[in-house]
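Chains as they are written, first to last, in the numbering used here: chain Z, 10 to 346; chain H, 10 to 346; chain W, 10 to 346; chain S, 10 to 346.
Honestly, I wouldn't trust all of these hints.
Claimed, not checked - Here are the in silico distance ranges between beta carbons for each label pair:
1) W/K154 to S/D253: 24 to 32 Å
2) H/D253 to S/P181: 35 to 43 Å
3) W/P181 to Z/R89: 22 to 30 Å
4) S/E345 to H/K314: 37 to 45 Å
5) Z/L120 to W/G17: 48 to 56 Å
6) Z/R36 to W/G167: 54 to 62 Å
7) Z/R36 to S/G17: 16 to 24 Å
8) Z/G96 to S/Q32: 55 to 63 Å
9) S/Q269 to W/R89: 48 to 56 Å
10) H/E208 to S/E345: 51 to 59 Å
11) S/A160 to W/L182: 32 to 40 Å
12) Z/K185 to H/D253: 42 to 50 Å
13) H/Q310 to S/D253: 38 to 46 Å
No lab work stands behind these hints, which were simulated from the structure alone.
Note that the Cβ used here is the ideal one computed from N, Cα and C, for glycine as well.
There are 4 protein chains.
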Amino acid sequence: MIVVMKPGASQQQIDHVIERIEQLGLRSHIIVGTERTVVAALGEKRDGAKQALETGDGVEKVVPILAPYKMASTEVKKERTCVKALGLSVGNRRIGVIAGPCSVEGRSQLLEIAQMLKEAGATGLRGGAFKPRTSPYSFQGMKEKGLELLAEARQQTGLAVVTEVMAPEHVPLVAKYADVLQVGARNMQNYPLLERVGEAGVPVLLKRGPSATMDEFLLAAEYILKMGNSQVMLCERGIRTFEDHTRFTLPLATVPYLHQTTHLPVVVDPSHGTGKASLVIAMARASVAAGADGLIVEVHQDPEKAISDGYQSLTPAAFREMMAECRKVAAAVGMEM
Amino acid sequence: MIVVMKPGASQQQIDHVIERIEQLGLRSHIIVGTERTVVAALGEKRDGAKQALETGDGVEKVVPILAPYKMASTEVKKERTCVKALGLSVGNRRIGVIAGPCSVEGRSQLLEIAQMLKEAGATGLRGGAFKPRTSPYSFQGMKEKGLELLAEARQQTGLAVVTEVMAPEHVPLVAKYADVLQVGARNMQNYPLLERVGEAGVPVLLKRGPSATMDEFLLAAEYILKMGNSQVMLCERGIRTFEDHTRFTLPLATVPYLHQTTHLPVVVDPSHGTGKASLVIAMARASVAAGADGLIVEVHQDPEKAISDGYQSLTPAAFREMMAECRKVAAAVGMEM
Amino acid sequence: MIVVMKPGASQQQIDHVIERIEQLGLRSHIIVGTERTVVAALGEKRDGAKQALETGDGVEKVVPILAPYKMASTEVKKERTCVKALGLSVGNRRIGVIAGPCSVEGRSQLLEIAQMLKEAGATGLRGGAFKPRTSPYSFQGMKEKGLELLAEARQQTGLAVVTEVMAPEHVPLVAKYADVLQVGARNMQNYPLLERVGEAGVPVLLKRGPSATMDEFLLAAEYILKMGNSQVMLCERGIRTFEDHTRFTLPLATVPYLHQTTHLPVVVDPSHGTGKASLVIAMARASVAAGADGLIVEVHQDPEKAISDGYQSLTPAAFREMMAECRKVAAAVGMEM
Amino acid sequence: MIVVMKPGASQQQIDHVIERIEQLGLRSHIIVGTERTVVAALGEKRDGAKQALETGDGVEKVVPILAPYKMASTEVKKERTCVKALGLSVGNRRIGVIAGPCSVEGRSQLLEIAQMLKEAGATGLRGGAFKPRTSPYSFQGMKEKGLELLAEARQQTGLAVVTEVMAPEHVPLVAKYADVLQVGARNMQNYPLLERVGEAGVPVLLKRGPSATMDEFLLAAEYILKMGNSQVMLCERGIRTFEDHTRFTLPLATVPYLHQTTHLPVVVDPSHGTGKASLVIAMARASVAAGADGLIVEVHQDPEKAISDGYQSLTPAAFREMMAECRKVAAAVGMEM
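The following block holds chain Z by itself, in its conformation from the complex (with noise of 0.2 Å):
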C-alpha cells in the first residue's frame, strides 16, 4: 500500500502514520516528494490496514498494490480453469452453450423446448424453479416441481441442468437436482448464500451484479472457492449504466480482461444483458468474437406466451440461426462450439 500524505502533513502526523503500519504487522518506507511525502507499507496483508491508514490525520489517500483476490487470481494458479457437467464443457476452448426458458412453466413446455436445444447443440439446459422477481405479485417459480422437471429434461437429453438458488436454505435442495447451481445477478453479494454454494461440491454459474466491480465480482467468487470448490463460471450479464435502448448494457470488455485476471471460464448473458430479443444474435457473436468460454441464453417455444422475459426470449428457429452464426465466428478465433 501506498499512503500519500497531504501536502503540509506535519512530521508528527507521518511518524505516526508509521507507527500504525508498523502495529499492523507491516514494514514502512517513506518518499520525501518535492511536494508530498509518501509512505509505503510493505507486506502480504490484503484485508483491513488502508482503511486503518486512510483515517490517519494529515492522510489523503492509500491506494493499494496488491489485487484483494487471491485464489481467483491468475497469479496464484496459471492453468485455467475448465468447468464440466455432464456434456457441458466451459473453458479450455471450448464454448459451452447454456440455453432455455426464463422459467420453468409446465412438463410439456420444459421437455419439448430441451429436445429442440439438445439438437441444435446446447449442452446446457437453463431453466429457473425458484425465480426472483422484482414484483412480489410476478410469478415466483414452481420450485421443487420444476426442479424435477428439469431433472426428467436430463434423463431425456442428457443436457446438464443450470439452475439459480437463491435462499442458503434451499442450496441442499436445489443441488440435489442441478448440474451446476446459479447465483443470480441480485445475489452476488448475498454472502451466506455463496458458503453454502461453495460447499454443495456442485459446479456454480456466478453472475455478476448489475453495479459490480471486477474486483467485486472476483471476491464473491473467492466466497466461493475458499468453500473448496474451484468449480466456479463467472458471467457477464450487464450492468446499470443511464443507456435506456437497452435493458442493461453488456460490456464485453470482461471478457479479455477477466481472462488477464483470473483463471476461471467466463460466460455470457446476451439476453438479460440486452434485454431484447433482436440484439441477442449479434451480441452472442460479439461475445464469442471476444473470447467467450460459453453463452448462457433464453429460448422459448412461444416467447408471447412466456410466464417471464418472453421480450428477450429466442424462438427455436432464432436459436439456431445464432447457433449457425457462433459457430462460424468461434471457428474464425479458433474455439470449438
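Given the structure of chain Z, go ahead and fit chains H, W and S onto it with the hints provided.
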C-alpha cells in the same frame, strides 16, 4: 398500458395485439395516429401483461401507466407512516437519529459509544453483529455475541437497537435482540430475506441497493408490506455512478420524490452515501433540509482503530457538532430533532 | 404523445389538457381507464409539445410515441448509407479501417506509420492536429503544420485523412486538408460546430459523447444531415459508467441497435472504448462480429514514447495481428475487410 | 507518481522504467515489496509522464500523487474567491441567487419576470439568448435580440445578467451585454470556448458536464484561470446516472468536496439537477444546507407556456416560497441570502 405499434404495422398484427389484450382480461382501445397506431390496454392488471404484449410482432414498445407497487403508494394510503421503536420515532415531522459503530467490536467499545450517543441526542443505536463484507478475508462480525452486547447497550441507554440481518434463517435470532431489522443494500432484492423479515413483526430499515431504481426500491418494500408488516423505513444510502471522489453518489432528490410517491418515511445515510468522514456533516445537514425523516450515521470513539469503515466514521465530537448543526436546520424547515 | 393524468385528476384539468393539445395543432383522444385517464395527442409535431403538456396541472407524465429524429431514421430512408472517401469505404458490407497515432507528432513519425498501416490494410489514416486535452498543460497538437503532414501522408499512401476539428471557425481550414472531419466525443453536442461541419460538404465521423443516449446521438447527427450533408458515420467510443478496470465502457449492443434504427453506418473505436492496449484486439474482433461497418484504432511505432494516449495504442505488429484476426471474423459474418 | 510493476517483472523491465523516469526529468526511487516492486517518480511534472510510464513493459499501473490542476487548487490559493457582478455576490458567506426563464422569449415576458425576481430577492437574472438544444428542430434562441432585452432588464432592475455563450466566435458579442458568461454543461470541455471566455475579462459560470469527474471539472476551470480570469463560479447541475425518476442526478456532496479542494465558489442548479419543478424547492434548501455559495433556478410566469424547460420552471409564487425557505436554512448554517 399503451402498446405502441411500429410504423407500418399490419392490420393483422394490430388485431393480434387486441386479441392478446383481451385474453389477458383487459379492455383494448385503438388510436390511429398520423404515423403510428397505438393500442391502449385498460384494466388493473399490473404484472406480466406488459411483457406478454411487448413480444408481439409489430409492437415497438409497451408503456406502463400504473405504478407497479400498490401498498407502498400514497394512492392507497394517504396518511404518512411513522415508524416507532422505543424512543426512536421516524416520520411525522420528528427526525430520528440512529448512530453507532459500523461493527460491534467489543463490550466496552459499544457501551461507551452508546452512552455518548444517547447524551448527544441519538434515539437509535446502529452496530453490525452479522457483517456482509466484500472480501471473505475481512472481519465478519461478532454474530450472536454482538447481538447480546447490543441488547445490553439498549438496557443501559434506552436506545433502540438497529442491526442488520443477512440470511433468512437468521431472522428469528436477530429479531430476538433487535428493535429494528436492517436489510442491507446488497440484500435489497434478496426476496426470501424480505419475506422473512416481513413476517417477523419488527420494524424494518430497508436500504436502497446501489443500482436500484425507485420502482425497484418500492417493490422491495412491497415484499415486506405484503407480509403484513407496515413499519418500514426506506433508507437512501447512495448509488453507484462514475463519480470517483466519493465512495457512492448520494442523490438527495430521492427524499422529496419518495415523499410524493409513498407514505413510508425516508432515512438518509450520509456515511455510506459519501464514504468520507469529512463530507458527512454537510450531507447530514443537506438531508435534513431536503426533508429526511431520519439519519443513520457511523460514529466510532477512535475511527482509526475501527475494524471496519473507520474512514467514514465520525468521532463523538464530530457527531455532537453534526447534531447541533442539524438541529438548527431542522428548526428552519419546521422539523424537530 | 400520450398524456397520463394523475389519479384523481379533475375534469377541469383534463379539459385544460385537451385545450392545450388543440392549441398546439394536434388532435386529442381521451381514454378513461380504471384508475387513471389518459389523453392521446395525435399529429406529427415532435418538438416542444411534450414539455408544454407535461407542465399542466394534474398531468403525471407525457410519453412520446414518435422518435425525435427524422432524417437519420430508417423510417425515412430505407437504403443504408455508405460513406466513401478515397479508398475508405464504410458500410455496405465493407469494413473500413481507420488507424494511426493519437496525435501527429512529426513528419517522419507520421509518414512511417502511415506506410506501415497502408501495407497492413488500413484505408483511412487518423491523427490529431488540433487536440482537445483535458488539461491545459497537455500538448495541444501541431495545428496547421499537423494538417500539412497528414496531407503529405495521404499523397504518399492514398489513405483517407480523418482528423478532428474542434472549433466552428477552424472548419474551413481543416476541411481543406481532411477527407473526413471528425467531431470528437466532447463536442457531440457542440451545435455551432455540427452545423458548420454539416455545411462543409466533407464526410463526417461523429463520435458519441460518453454520456449520450441513442436519441441524443442521432439528434446530433440530425444537425449535420439537416445542413445537407448525408455522409455521416456514427462512432461508438465508449460511455462513462462506474466500471474502473477500463477507461470507458464499450457497449457494443449499440451496433445492432443503430442498424435497426438508422441508415447511417457505425464505426467502433476500441482504443478509447477500453483505454488499454491489451484489450483492443479482442474488442476489435467483437466489434466486427457485432456488425460494425468500420473500426478506428490508435497505432504508434513506439507507444511508450507517444505524446498522448500511448497506453491504448497498438504497436504496428499488434495492428497487423488485429487485422489478421478481424479479417477472419469478418469473413465469418459475411463482411469484407 | 507511483509505478506499480506486475508480479514477476524482470530486473530489465524495472531498469527500463527507471531510465524512462530519469529521461522525463524526474527522480526515481525503488521499493521492493514482498510480492511486487514499486518505483516512485519524484518531481513536479504533472502531465504526460503518467502515460509515458504506464505503457512500459512489465508495468501494471501508474498512480498519480499530485492533483492535475494547480491554479484552481486550495494548495495554491488559500483565500476563497468571491465572484461579484453588480449586486450579485457569490462566495464569502453570501449566497447569490440567479433566477429567470430558460429562454428569453420576448420583451414583456422578460421585463415582467425580471421585476418579480428582483422583488423576491434575486441578484442575478438568467435567460438564454443563444440556446443549445438537443434537437435541431427546437427553438434556438432570440440571439442578439435576446441579449438586448437582457440588457434592458438589467437597466430596469439592476440584476446582473447571466447568459450562455455557445461558440468561441460569439464571445465578444455576448460579453458586450452579459455580466456573467455561462458555459453550458455540453460545452464544459469545449476548450476553444473556455480559452476565449478566459480572455474576455468577464466573470464566468462554468457548468459541470453531466459525466465529468471533479478532476475534469477543475481542469476545465483551469483553462479559464490560465488565461488570467479568476472570476469563475463552478456550477453543479446534475450528472447522468441510471436513475429515471429525475432528469439528472444531483449529487450535493460535490459542494463540500469542492470547498475542500478549490477556492472557487460553488453554485447549484436544482432546476436542471432534478428536471421537475416539484422537486426544486426541496433541493434548493438542501443545496444551501450543504454550503452552496449560490443558486441558479428557472422561473417562468406561466411554465406551461414556456418555450423551453417549462416542466422544471418554478412559478413566481413558488420562487418566493423557495426564497423564504432557503433564507431560513441559510440563517441556520450561518450564511446570508
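Now the hints, each set against the structure:
1. W/K154 to S/D253: 24 to 32 Å: Given about 48 Å between the Cβ atoms, the range is violated.
2. H/D253 to S/P181: 35 to 43 Å: Cβ of H/D253 to Cβ of S/P181: about 37 Å, so the range 35 to 43 Å holds.
3. W/P181 to Z/R89: 22 to 30 Å: For W/P181 and Z/R89 the Cβ distance comes to about 55 Å; the hint is violated.
4. S/E345 to H/K314: 37 to 45 Å: 41 Å, holds
5. Z/L120 to W/G17: 48 to 56 Å: The hint (48 to 56 Å, Cβ to Cβ) holds, given that Z/L120 and W/G17 are roughly 50 Å apart.
6. Z/R36 to W/G167: 54 to 62 Å: 60 Å, holds
7. Z/R36 to S/G17: 16 to 24 Å: Distance hint for Z/R36, S/G17 holds at roughly 21 Å.
8. Z/G96 to S/Q32: 55 to 63 Å: The hinted range 55 to 63 Å holds for Z/G96 and S/Q32, with Cβ atoms some 57 Å apart.
9. S/Q269 to W/R89: 48 to 56 Å: 53 Å, holds
10. H/E208 to S/E345: 51 to 59 Å: Cβ of H/E208 to Cβ of S/E345: about 53 Å, so the range 51 to 59 Å holds.
11. S/A160 to W/L182: 32 to 40 Å: Holds - the Cβ-Cβ distance for S/A160 and W/L182, about 34 Å, lies within 32 to 40 Å.
12. Z/K185 to H/D253: 42 to 50 Å: Check passed, 45 Å falls within 42 to 50 Å.
13. H/Q310 to S/D253: 38 to 46 Å: This hint holds: roughly 42 Å between Cβ atoms.
Consistency note: the structure conflicts with the earlier hints numbered 1, 3.
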